[in-house]
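*Asks:* Work out the full structure: start from the sequences and follow the hints.
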Amino acid sequence: MKNQTFQEWHETPSQTGGPYVHIGLLPKQADIDVFENNFGNSLVSDKTEGQRIRLEGQVFDGLGIPLRDVLIEIWQADANGVYPGSADTQGKSADSGFSGWGRAAADFGTGFWHFDTIKPGCVPGRKGSTQAPHIALVVFARGVNIGLNTRVYFDDETDANAKDPVLNSIEWVKRRETLIARREDRDGERVYRFDIRIQGDAETIFFDI
Amino acid sequence: MYKASLGAYAQRNTDDHPPAYTPGYKTSVLRSPKNALISIAQTLTEVTSPHFREDQLGPKDNDLILNSAKDGAPIGERIIIHGYVHDQFGRPVKNALLEVWQAKASGRYRHPNDQYIGTLDPNFGGCGRMLTDENGFYVFRTIRPGPYPWRNRINEWRPAHIHFSVIADGWAQRLISQLYFEGDTLIDSCPILKTVPSDEQRRALIALEDKTNFIEADSRCYRFDIHLRGRRATYFENDLT
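Chains S and E are the protein sequences, given in the same order.
Add 36 to a position in the first sequence, counting from 1, and you land on the number used in this note's numbering.
Add 10 to a position in the second sequence, counting from 1, and you land on the number used in this note's numbering.
Please keep in mind that the hints were generated in silico from the structure rather than gathered at the bench.
Heads up, a few of these hints could be off.
[Unchecked claim] Here are the simulated DSSO-like pairs of lysine-lysine, each with C-alpha atoms no more than 27 Å apart in a straight line: (1) E:K44 / S:K64; (2) S:K64 / S:K128; (3) E:K104 / S:K128; (4) S:K38 / E:K44; (5) E:K44 / S:K210; (6) S:K83 / S:K163; (7) S:K83 / S:K38.
[As the list claims (entries may be wrong)] Which bits of chain E does chain S cover? Going by a derived footprint, with three or more residues having C-beta under 8 Å, they are: (8) 139–150; (9) 190–201; (10) 204–217.
Here the structure is a predicted model, which means the values were calculated and not measured.
Beta carbons: idealized from backbone N, C-alpha and C, even for Gly.
*Replies:* This is the structure we're talking about:
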């Protein structure tokens, strides 16, 4: 007799991306010209539908000093609230001119990073709810042992934000503010500023997803 | 008849990973949140993910021996690293983007911020990428990286390692980590590897020598498998529960 068994594996543990993350993930920023097609911080092309926006900010440590070796990735729905790929079960086709994903590293001098993207549409939440427009964002850096997941919401979506099930699930109402990007129009460009504070006063909310 | 469908990713077992605050690795002290992570129920945002196509990659992207060679082969030990990417339930993860980066044989990185005195090899860039196949299998060829000193304590040395990044089927699976080599005597004292809380999990980051797959008169081989989070089955209702 042999007992039935089923094996479940432990997830491979995370480790820091380290200070030289650019070599592998954004080699041009390390002055390495190796790939023909490089990933980057522009998610839009002429064919992309939707309101163009620039998302920018800095990431600060516990002393308020900007991280200059940080790497950020974003993932978001298209202008109609649809994600590319079969895991989006809404039954709508996603904008073929929009990949939804981008990767940026901080400037080695100033710590500023930015993305050129579009404002995402509303995405369905669980149990019939509607999520406010938002962008998933993850932070990797030297000294960060496991990627820090957060979300970017928009300060000009007051009504939608008030009904967002994820924002509303955060018990500390004051901390919800750390997830709201601030709009500042600049020379006709719509810019949202989203600073991330890893530690300290006004520490950004990070999610266990 | 009711059928099973894919639900949310099983919740992450936080004990499998380093905590954010690990004072032995000093840089983490000011770069770790003090507040607890807020757990959220997954939505479409967390179960979807970017996907990549073969035509976005070049033919030499997973050959680090050739992809930056200028006027000859890079210096160092030629190795092949191969393995499978599976989810926690053993299902193969197909078409995952695996990206790798590493130091040269001398221990120095090709990076403007690395000032180590180790030799810069003009024929080695140290980056590569590939997609897993239908079985979750991947392979790349490279030069074995060297250990190198770093500022943590004064005389601190990293074991030889290769950084890797995986983008798979769901945003909740996103993972960056490091691969080490069996038999490296620096492994036991590495403050970064020590951030991983259990011996079993630390061993999951150590690639094993795969003598069977050495290529005669050419390269040695290491085997390294990766496990990502998997989606739960959901029954009797069409929701991400």
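*Asks:* So which of the earlier hints does this model not fit?
*Replies:* 1, 2, 4, 6, 7, 8 and 9
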